[in-house]
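Colleague: So you can see what is in the structure, the chains are spelled out below.
There are 2 protein chains.
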Amino acid sequence: MNKTASLLIIGNEILSGKTQDKNLNYIAKKLANMGIVFSEARVVPDIEKEIIFAVNELRKKFDYVFTTGGIGPTHDDITTECISKAFGLKMICHPEAKKKLEEYYKDRPGTLNEARLRMADTPEGATLIENPLTSAPGYKIENVFVLAGIPSIMQVMFDYASQFLEGGVKISSRSVSCNLIEGDIAAPLTDIQNKYPNTEIGSYPFIHQGKYAVTLVVRTTDISAMNNAADEIVDMIKAKNGIIIEDISE
Amino acid sequence: MNKTASLLIIGNEILSGKTQDKNLNYIAKKLANMGIVFSEARVVPDIEKEIIFAVNELRKKFDYVFTTGGIGPTHDDITTECISKAFGLKMICHPEAKKKLEEYYKDRPGTLNEARLRMADTPEGATLIENPLTSAPGYKIENVFVLAGIPSIMQVMFDYASQFLEGGVKISSRSVSCNLIEGDIAAPLTDIQNKYPNTEIGSYPFIHQGKYAVTLVVRTTDISAMNNAADEIVDMIKAKNGIIIEDISE
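Chains A and S, in that order, are what the protein sequence lines are.
The first sequence begins at 322 in my numbering and counts up one residue at a time.
The second sequence begins at 322 in my numbering and counts up one residue at a time.
Every clue listed holds true.
Since the list gives no way to pick out one identical chain from another, each pair is judged satisfied if it fits inside one copy or across any two copies.
Distance condition first, Cα-Cα at most 27 angstroms in a straight line; then the derived DSSO-like pairs of lysine-lysine:
| # | residue 1 | residue 2 |
| --- | --- | --- |
| 1 | K427 | K559 |
| 2 | K532 | K561 |
| 3 | K420 | K532 |
| 4 | K461 | K350 |
| 5 | K419 | K561 |
| 6 | K343 | K381 |
| 7 | K324 | K491 |
| 8 | K381 | K370 |
| 9 | K370 | K382 |
| 10 | K461 | K491 |
| 11 | K516 | K370 |
| 12 | K351 | K491 |
| 13 | K351 | K381 |
| 14 | K406 | K382 |
| 15 | K406 | K381 |
Just so you know, the hints here were simulated from the structure itself, not pulled from any lab data.
All figures in this text were calculated on a predicted structure; none of them were measured in a lab.
Generate the whole structure from the sequences, applying the supplied hints.
Modeller: Here it is, written out as structure tokens:
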């Protein structure tokens, strides 16, 4: 059985529309490659009770929870307080994290102020997730991985955190795009889905050269079933005089 | 009191990393303009029990719920079954929706097949949300607004649905970007936040010309508080010899 994962995006800036989130898509691709099923994502504001509620719901439901955002030095960075409360754990200044910050700021006397030292806080018992870019670490507590919100830092943290994740058979996909319209292929597509129940076939309309077109995606851990189902999709498209725009395996 | 809203993105394609969602950001900006507080977003896969669970949790918690995706003609479009079950309502072929489809397809005999007719299904008692682009409508049932996933169609549906939403005082914001680093301004920023408790001040680091910089965003329905807080932020930045990169009111 593949493990399941969820993502909790903590950030008023996403909900206000100021910022377009880029972390979900990065994590989604990495998880698919590792054979971990990405089962849910949530975006919540920087409000303590909302963060605690979501963390507690997600960590019970899924094997892994990633959080992004809210671990910087400013007043609106409240993730660590919230995670500590969600677990009923004391928040401490993590000695190893403090050491990393001291090392990073040692040539800039006075800069490791009280605000920056907050970035060494973790719930008691957390394992650090290293951040070679700016030293302030993320951390793992039980099945919850607390990462930064800035994409470049989130990415190095996610890659470091990968060592703690149990992968499975990679979830492969083949995406066949054609110039037909969903409504014209729905019935034969249902037949193909029913014939290959261990694949997940998705149908995603898009606009190609000003006209509606569709991408049919077959996802599964079973590569041979994937190719058989996708080959039948290609044949079905040709039988309907459709033109294949793209046929990509990932 | 401003009304609250949430968004439920129904889509394996977002969780697989194949597609980058564009609807959240559009809805976020529209809601802020209308003075509706965007309080949570979720992304769930095309799995019945997950959709039902999320819809029921969100519709009890927030004034409005928008869903995107899963209302097309193919086998993986299960949103309407799920919404009907979530409300304990019968799913019916909505006569007015059927009429719209018949009108749209009247010059293309045979194209309004069984699959396309599924796009006229709604829970019993739903009010249609018109879609001038491709005729297949969304709908509103109690406080839940069921919209398409394709951004262009979602947008016309959202705009039509706006007539059913009760707006409030617009949530304005002023964003001041500067070349200082979060950790150097955290303490005075906390003081400003404490002085203006009816504003929400966020601090968002970003990379500017290869160096860390920060955007400080003041959001509130009280424009005079917004400007007072932002003016103090500008003064604080200048006092620390920072350079203002941008100062934008929205």
